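Q: Combine both chains into one complex, guided by the hints.
For the record, the sequence lines run as chains A and B. Taken in order, the first sequence gives residues 1 to 461; the numbers are from full-length UniProt numbering. Taken in order, the second sequence gives residues 1 to 32; the numbers are from full-length UniProt numbering.
It cannot be assumed that every hint is accurate.
[What the hints assert, rightly or not] Some chain A residues well away from chain B (every beta-carbon gap over 12 Å; in silico):
no.	residue
1	Ile140
2	Val180
3	Ile241
4	Gln383
[Said to hold, decoys possible] Here are the computed lysine to any residue pairs in the SDA-like style, where the Cα-Cα straight-line distance is at most 20 Å:
no.	chain 1	residue 1	chain 2	residue 2
5	B	Lys31	A	Thr319
6	A	Lys379	A	Phe402
7	B	Lys28	A	Asn330
8	B	Lys31	A	Trp321
It is worth saying that the hints were derived from the structure and are not from the lab. Since the model is a prediction, treat every value here as computed from it, not as a measurement. Virtual Cβ for every residue (Gly too), placed ideally from N, Cα, C.
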Amino acid sequence: MTDEITNDPLEESTSLVKTLRPYHVWALGVGIVLVGEYMGWNFTVAKGGILGSLLALLVAGTMYLMVSLCASELGASTKLAGGPYDWARLFVGPGAAALVGLAVYMEYIALEAADSIVVASIAESILPEIQVFPITLLVITFLTFMNYRGVVAALNLNFALSFTAFIAILVFFAMSITGVGGVWNPGNLISGAIPNGLIGIFAALQFGPWFYLGIEGAAMSAEECKHPSRAVPLGQQAGMITLLLAAGMTLYVCSGLIPTDQLGVSVYPLYEAATNSGVQLLVVLLAIGTLFTCLASANGTICDSSRSWYALSRDQFLTPWFSAVHPKYNTPYRAVIFTMPIAIAFAFSGFLDQVITFSIVSGLVCYVMIPFSLIRFRKMFPQHNNKVRPFVGPLQPWLAYFTIFLALVIMSTLQWGYRYNLIFALLFYAIAYFYFNRRYRSLEVSHDWGEEMGWPEPVRT
Amino acid sequence: MGTWTIINGVIYLVCFAMIGWMLLDAMKVAKK
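Only chain B is shown next, with the shape it has when bound in the complex (with noise of 0.2 Å):
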C-alpha cells in the first residue's frame, strides 16, 4: 500500500472522526 493511499485513507478517517463526534454529542444533548 503507497504512502499516498494510507494519507488519503487517514484523511477519511478524520473526517469520519469529526462527524461521529457531532452525532453524539447532538444525541447526547437531545436525550437531556
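Same shape as in the complex, but just chain A (with noise of 0.2 Å):
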C-alpha cells in the first residue's frame, strides 16, 4: 500500500533541497576566497610597494563591497541557484546570461585547479618524494566525492576550514601587535613605500581582487537556503567584513615581518611571516591556514561552478541532460561530476599564473555584467516590497554604476604583465556573447514572471 504513496527514492528530483543556514553562505563565500590572503594578494606589493598594495586592498575592497551588495539584493530577490548567471538572464537576455554562466563557470574552475595545485605543491615541499600529480588529482577527487554526496556536508567542511584558517590569521594578528608575535619592523613600511611610482601604484591594482576573488559566488547558494532572503545577505556581507578585516590583519603583519623586496614575490607570505617571527606555535597554526584554506576554496569552488553549469542546463543552454538532481543526495550529481575533467585538464596544464589571470579576467567580467544586471533589475521593477525585492541596498543604482567603472579600471591594468591573456580571455567572451545572443534570442521574452517569480509584470524599458 504504501508503495503507491511513496516515491521511490532513486528517481531523479527536479530541484535543489533547501537546507541551508547563513552560516553556510559565509562559508561558502569566505571559503572561496580566504585563500588570497595566505598567497597572491603580496603581488600586489612588487608593482606597487606597501602603498600601492594598500590602495589595491581598499580599491578592490570597495569594488567587491559594492558588488556583493548588488548580489546581495539580487539573490535575495530572485533565489535561485544560477546566481550572476540567473540574474543576466532575468534582466538583460540570453546572450549576457551565457556569457555570465560561462564567465562564472571558468572562473570557479580555473581557482579550484589553482587551489589543487597549491595543496599538492605544500604537500612535496614537507614530504619532497610525493608527486604533485597524484596529490593534485586527490585533492580535486576527493572535494568533488563530498559535494556529490551533499552540499551541507560539503560546506561544514568548508566552514570548518575558513574558521580555522581565520582563526589563525587572527591569532597572528593579535600576537603581532601584542610584541610576543616575532619584531614588526616598521622600516620596512618606509623603505619599500612606493619602489615603482604612481604607474607601479596603479598596475599594482591588477592584483587586488586576489583578497575578495569569488565572494559574490556565497549568492549562489540561494537556491538551497532555508530562508533566502535571509540567509544571503547575512552570510555574504558577513563574509564581505571577515575578508576586509583579514586583508588588512594580513598587510599588517607580513609588511612589518617580511622585508618589502622579499614580499613581492614570496609564494606564501603568512606562512614566511610565521616563519620570521620565530614562534614555533605561528608556523605551525599559519601551515595548517595555508592547507585548510586551499581545500576550502577548492571545495566552494566546485560547489559554485557545478550550481552555474546546473543553471545553464537547466534553461537549456547547454543540454538538459546536466540538470538532473540526484534523488538521495539532493545535489545536481552530474553538474558535479564534470567539473572534475575540466578541473584536472587546467591543474594539470601547470600554468598557474596563467590559470589564475583567466581565473580574474572571468570574474571582472562578472563584476561588471553583476551590476549592470541589478540596474536593469530596477529600472524593471521599481516597486520596493518583500515580495519583489526582500532586501532594499542603499545607494543604487548609483553604486552599481561606479562598480562597473572600478571593474572596467581593474581590467584595464592588466595589460601590465598580462596583455594577450586579457585580449584572450576578452576575445573568448565575446565570441560566447554573440554565438549565444544569436542562438537563443527566443528566450529573451518567454518569461512568464508571475509563475517563474511570482512577481507582477515588469515596467517595459
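A: Take a look at the structure:
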C-alpha cells in the first residue's frame, strides 16, 4: 500500500533541497576567497610597494563590497542557484546570461585547479618524495566526491576549514600587535613604500582582486537556503566584513615581518611571515591555515561552478542532461562530476599564473555584469516590496554604476604583464556572447514573471 | 619498488576508486 504513495528513493528529482543556513553562505563565500589572503595578494607589493598594496586592498575592497551589495539584493530577490547567470538571464538577455554563466564557471574551475596545484606543492615541500600529480588528483576527486554526496556536508567541511584559517590570521595579528609574535619592523613600510612610482601603484590594482576573488559566489547558494531572503545578505555581508578584516590584518603583519623585496615574490607570504617571527606555534598554525584555506577554496569552487553549469543546463543553454538532481543526495550530480575533468585539464596544464589570470578576467567580466543586472532589475521592477525585493541595498543604482567603472579600471591594469591573456579572455567571452545571443534570442521574451518568480509584470524599458 | 612509489600508486588507486564510485552511482540513478 505504501508503495503507491511513496516516491522511489532512486528516482531523479528536479529541484535542489533547501537546507542551508547563513553560516553555510558565509563558509561558501569566505572559503573560496580566504586563500587570497594566504597567497597571491603580495604581488601587489612587487608592483606598487606597500602603498600600492594598501591602495589595491582599498580599491578592490570597495568594488567587492559594492558587488556583494548588488549580489545580495539580486540573490535575495530571485533565490535561484545560478546566481549572476540567472540575474543576467532574467534582467539582461540570453547572450549576457550565457556569457556570465560561462565566466562564473571558468572563474571557479580555474580557481579550483590553482588551489589543487598549491595543495600538492605544499605537500611536496613537506614530503619531497611525494608526487604533485597524484596529490592534485586526490584533492580534486575527494572534494568532488564530498560535493557529490551532499551540499550540507561539503559546506560544513568548508566552515570548519575556513574558520580555522581565519582564526590563524586573527591569532597571528593579535600576537603581532602585542609584541609576542616576533619583531615587527616599521622600517619596511618606509623603505618599500613606493618602489615603482605612481605607475607601480596603478599597476598593483590588477592583483587587488586576490584579496576577495569569488565572494559573489556566496549568493549562488540561494536556491538551497532555508530562508534565502535572510541567509544570503547576512552570510554574504558577514563574509565581506571577515575578508576586509583578514586583508587588513594580513597586510599589517606581513609588511612588518618580511622585507618588501622578499614579500613581493613570496609564494606563501603569511607562512613566511610566521617563519620570520620565530614563534613555532605561529609556524604550525599558519602552515595548517595555508593548507586548510586552499582546500576550502577548492571545495567552494566545485559547489559554485557545478551550480552555474546546472543552471545553464536547466535553461537549455547546454544539454538538459546536466540538470538532473540526485534523488538521495539532492545535488546536481552530473554537473558536479563534470567539474572534475575540466579542473584536471586546467591543473595538469601546470601554468598556475595563466590559470589564475584567466580566473581574474572571468571574475571581472562578472563584476561588470552583476551591477548591470541590478541596474536593469531596478528599472524593470521599481516597486519596493517584500515580494519583489526583500533586501534593498543602499544608494542604488549609483553604486552599481561606480562598481562597473572600478571593474573596468582594474581590468585595464592587466595590460601590465598579462596583455595577451586579457585580449584572449575578452575575445573568448565576446565570441560566446554573440554565439549564444544569436542562438537563443527567442528565450528573451519567454519569461512568465508571475509563474516563474511570483512577481507582477515588469515595466517595459 | 620503493615505499614512496607504492604510496603514490595507492593515492592514484584511491582517486580512481572515488571516480569509479561516483560514475557507478550516477549510472545507477540514471537507469531508474
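Q: Does each hint hold? Answer for all of them.
A: Structure-based check of all given hints:
Look at A:Ile140: its CB is around 8 Å from the nearest CB on chain B, not clear of 12 Å, so calling it non-interface is violated. For A:Val180, the condition that its CB be more than 12 Å from all CB atoms of chain B holds, with the nearest at approximately 38 Å. Listed as outside the interface, A:Ile241 is consistent with that label: its C-beta sits roughly 36 Å from the nearest C-beta of chain B, beyond the 12 Å cut-off. Listed as outside the interface, A:Gln383 is consistent with that label: its C-beta sits roughly 42 Å from the nearest C-beta of chain B, beyond the 12 Å cut-off.
About 18 Å separates the Cα atoms of B:Lys31 and A:Thr319, which keeps this hinted pair within 20 Å; it holds. For the hint linking A:Lys379 to A:Phe402, the alpha-carbon distance of about 17 Å falls within 20 Å, and the restraint holds. Between the alpha carbons of B:Lys28 and A:Asn330 the distance comes to roughly 15 Å, so the proposed pair stays at or under 20 Å and holds. Between B:Lys31 and A:Trp321 the alpha-carbon distance is near 13 Å, which keeps this suggested pair within the 20 Å criterion.
Hint compliance for this structure: hint 1 is the single one not met.
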